[in-house]
Amino acid sequence: MALLQIEHLHKRFGALAATDNLSLQIHRGELHALIGPNGAGKTTLISLLSGSLQPDSGLIQFDGRNLLQFSEATRPRLGLVRSFQITSVFPEFSALENVTLVLQSQQGHSFRFWQVARNEFELRSKAKEYLKQVGLDQKSEIPAYALAHGQQRQLELAMALALKPKLLLLDEPMAGMGPEESLKVVELLQQLKGKITMLLIEHDMDAVFSVADRVSVLVYGHVIATSTPSEIRKNTEVCSAYLGEHEIPVAN
Amino acid sequence: MILLIEQLLNGLQFGVFLFLVSAGLTLIFGIMGVINLAHGSLYMVGAYAAAIGMQLTGSFWWGLMMALPAAAFTGWLVELVIIRQLYRRDHLDQVLATFGLILFLNELTTICFGRAPLFLSLPETLSISVEILPGLLYPLYRLLIIGTGLLLAFLLYLLISHTRVGMLLRAGTTHREMVEVLGVNLTLLNTGLFVLGALLAGFAGALAGPLISVEVGMGENVLILCFVCIVIGGLGSIRGALFGALLIGMVDTLGRAFLASGLRLILPLEFADSIGAALSSMSVYLLMALVLIFRPQGILPVLGRVR
Amino acid sequence: MLGVGFLLIGFPWFADWLDEPYLVSTASRIWIYALAAMSLNLLVGFAGLVSFGHSAYVGVGAYVVGILAWHQYEETNFLGLPGTLEGFISIPFAMIVSGIVALGIGSLCLRTRGIYFIMITLAFAQMLFYFFVSLEQYGGDDGLMMMAGRNKIPGLDLGEDRQMYWLSLVALGLVTWFLRRLSMSRFGMVLHALRQNETRLKAIGVPPYPYMLVAFVIAGALAGLSGALLTNHMEFVSPDFLHWTRSGDLLIMVILGGIGTWTGPILGAIVFLLLEEFLPLLFQEIGLYLFSEHWRLVFGPLLICIVLFAKGGLHALVFKQMKGVHGAFAN
Chain A
1 MALLQIEHLH KRFGALAATD NLSLQIHRGE LHALIGPNGA GKTTLISLLS
51 GSLQPDSGLI QFDGRNLLQF SEATRPRLGL VRSFQITSVF PEFSALENVT
101 LVLQSQQGHS FRFWQVARNE FELRSKAKEY LKQVGLDQKS EIPAYALAHG
151 QQRQLELAMA LALKPKLLLL DEPMAGMGPE ESLKVVELLQ QLKGKITMLL
201 IEHDMDAVFS VADRVSVLVY GHVIATSTPS EIRKNTEVCS AYLGEHEIPV
251 AN
Chain B
253 MILLIEQLLN GLQFGVFLFL VSAGLTLIFG IMGVINLAHG SLYMVGAYAA
303 AIGMQLTGSF WWGLMMALPA AAFTGWLVEL VIIRQLYRRD HLDQVLATFG
353 LILFLNELTT ICFGRAPLFL SLPETLSISV EILPGLLYPL YRLLIIGTGL
403 LLAFLLYLLI SHTRVGMLLR AGTTHREMVE VLGVNLTLLN TGLFVLGALL
453 AGFAGALAGP LISVEVGMGE NVLILCFVCI VIGGLGSIRG ALFGALLIGM
503 VDTLGRAFLA SGLRLILPLE FADSIGAALS SMSVYLLMAL VLIFRPQGIL
553 PVLGRVR
Chain C
560 MLGVGFLLIG FPWFADWLDE PYLVSTASRI WIYALAAMSL NLLVGFAGLV
610 SFGHSAYVGV GAYVVGILAW HQYEETNFLG LPGTLEGFIS IPFAMIVSGI
660 VALGIGSLCL RTRGIYFIMI TLAFAQMLFY FFVSLEQYGG DDGLMMMAGR
710 NKIPGLDLGE DRQMYWLSLV ALGLVTWFLR RLSMSRFGMV LHALRQNETR
760 LKAIGVPPYP YMLVAFVIAG ALAGLSGALL TNHMEFVSPD FLHWTRSGDL
810 LIMVILGGIG TWTGPILGAI VFLLLEEFLP LLFQEIGLYL FSEHWRLVFG
860 PLLICIVLFA KGGLHALVFK QMKGVHGAFA N
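Chains as they are written, first to last, in the numbering used here: chain A, 1 to 252; chain B, 253 to 559; chain C, 560 to 890.
Isolated chain A (complex conformation):
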């Protein structure tokens, strides 16, 4: 059974159908990429999946449950975790505190008023491990706003991993990154492949085609094709949707 099953999803904004009869299946353990021209409705889809928007109609099944019953703040607890297109962390907290807060929330509620949070050694050492995994352990005490852009992305990833996600929604993780940093992210994604199911939304074609198991193409709020990367590259419909050419050029 698919981990994430989206069926006939609709979302309109006035006269614009941002999501138009969208159906998609994500299998367990796969890295599924979603590509499409600008304005295709990728951001809307993410919002619908994360819970910040409600669809007009349609079904979303996650891990056997009806996702639409769950509020935005409860979905991460089910294992549906998203990252943000524009880096979103807690700027005044240190990198370590950012991850520690995630682990704290995993333990249930945070209505503890007395214990000094900074002294919670166990939480902090676990948090350090996650930072290590993304290569930020040297920067653990630095406030998030002082980190370089790429490092903030890594921090976000560490926070996402700390949530022990079943499905990771990656919203353009390589946006604004140079080639070196992008490579690091691709490496990380390779490491995570198979262990965590991922839905990757990206414009960087090199990255997508080197790392994805399957690729879906989103055009005008509708998925027009789903297949392996090589098949998609040859698909003429997809090519014309993007470029009006016969093959999507990929630098190699």
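Misleading hints may appear alongside valid ones.
What the hints assert, rightly or not - Simulated restraints, written as ranges between beta carbons of each label pair:
#, chain 1, residue 1, chain 2, residue 2, range
1, C, R740, B, C364, 44 to 54 Å
2, B, C364, C, P769, 44 to 54 Å
3, B, S373, C, E835, 53 to 63 Å
What the hints contain is simulated information worked out from the structure, not anything from laboratory work. C-beta atoms are modelled at their ideal positions from N, C-alpha and C, and glycine is treated no differently.
Add chains B and C to chain A, keeping to what the hints say.
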């Protein structure tokens, strides 16, 4: 029954006042993104200008005429000196800065005119009552207020949604740079909008003069009610402001008139009286509480607007 | 730190030495307002919730003490229970009642955000103002006096201004310490995170609403404590305590002192009340009689300037640190 209709009309008239003040407030916030606590002060300026004008010239009409430029000028000055600095600021800054402005304007008014309330009286021609229904005499002045207010509401609606100016204003909130690149002077447009809001508020103040006492602090009482109107009606739309204002006007007036006696029907006398007095002044806020429970986004929320 | 503590405790004797014993009364008032400002700081500075109706909870606490004292004096019952002048009952009860009112109002207000939230907190505070004005039995517009004097606390004689001063100072100290602990706890972490990035908080699975509500209730209860002390200090309570301009005053104190800092609200309260007290006198001394009566004429623009130009508040000025990244109240 007659009493009911009379109170309904009073409610409508009060609602019209609230609308005239709310309209400026909601437009300025919805389109310019600035919350201006001192908007009530512009209402006060209008009332004082009308009162002074009437005392100087002896004519109510001249007083009314003086209120408009006074309010417009004050609005222009306020926008120039203070509001302009606040466009890019967060809400807390705007609230505190305009609060400081209220303190200043209230104090200035006290210095110029003293603490005693002023009174405006209506000219003979307007002091009559009209028989609108068999057995019901209703003051002409109040009817005129209702009519004028509704007319202005309609004109305002036309301005915002059907003219080029309105379109530019609406565009200016989300795409400031674009509009400027198109050669439109956004600063002028914003100033114009602010002055328009000030005119409406000042006009309302002048109209209110004969009906209530003109004193320092009158603006804030109205302002807070306007907040309730806007929350209920939805921020940023004329339609919402009108709906909210009329609703609040009705509920407040009818509540004060009938809630106490209504309670006497179901509760023992001493309870009814004490609770009745308390509740009748709170009826508007109770309504707001109900709206918040069942429809926190407001009754007529504006789609896609920035909160 | 300890030195400052000793100075503060020893202040009444200093005032006696200056032969200006009324200064003790002024100082008590400052500590009481500082407490209220501290409670507001929990909302504004830590959780990023700009409440423009905080004076309502001060007022509720104040009235609880006043009403209980009145019933005790009149020897009548309130809903079947006798009144009391016992501080150990009145003051905690004041906190409980204002906490409950904060729970009710907060649960409604917190359904909104941003500018709506500011407007609604203001509106509800106004509602409570009108409510207390309409209570004819308890003085209505004119307010209520504590005919039998201040609350009785075993071991203390609050009638003595000096002891009132020490009580206020100790209360402020305890509340500051409590809020510090709170800020460093897990709950505090969530509040800080809430102010910085609410969307992010939701994305890690933490629902903001329950935490905001609890913070609102705590702030309300502490404001009630401040109100209870205020009634005791003035031996009087009136609806003016709840007037919306008082809410504005509290916000000014918090901003003036520097949002989200520990000394901020205290510094803010000190400066605000000293200005209120001494600006008129100052103007009189230098011969500007117009301003001595109408000092708000200066105060208003002063406030505007501070908001526009001195964001860090006094705290930044005094300690020469600026808070790092803001976005404190950005939606």
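Comparing the hints with the structure gives:
1. C:R740 / B:C364: 44 to 54 Å: holds, 51 Å
2. B:C364 / C:P769: 44 to 54 Å: This hint holds: roughly 51 Å between Cβ atoms.
3. B:S373 / C:E835: 53 to 63 Å: Distance hint for B:S373, C:E835 is violated at roughly 38 Å.
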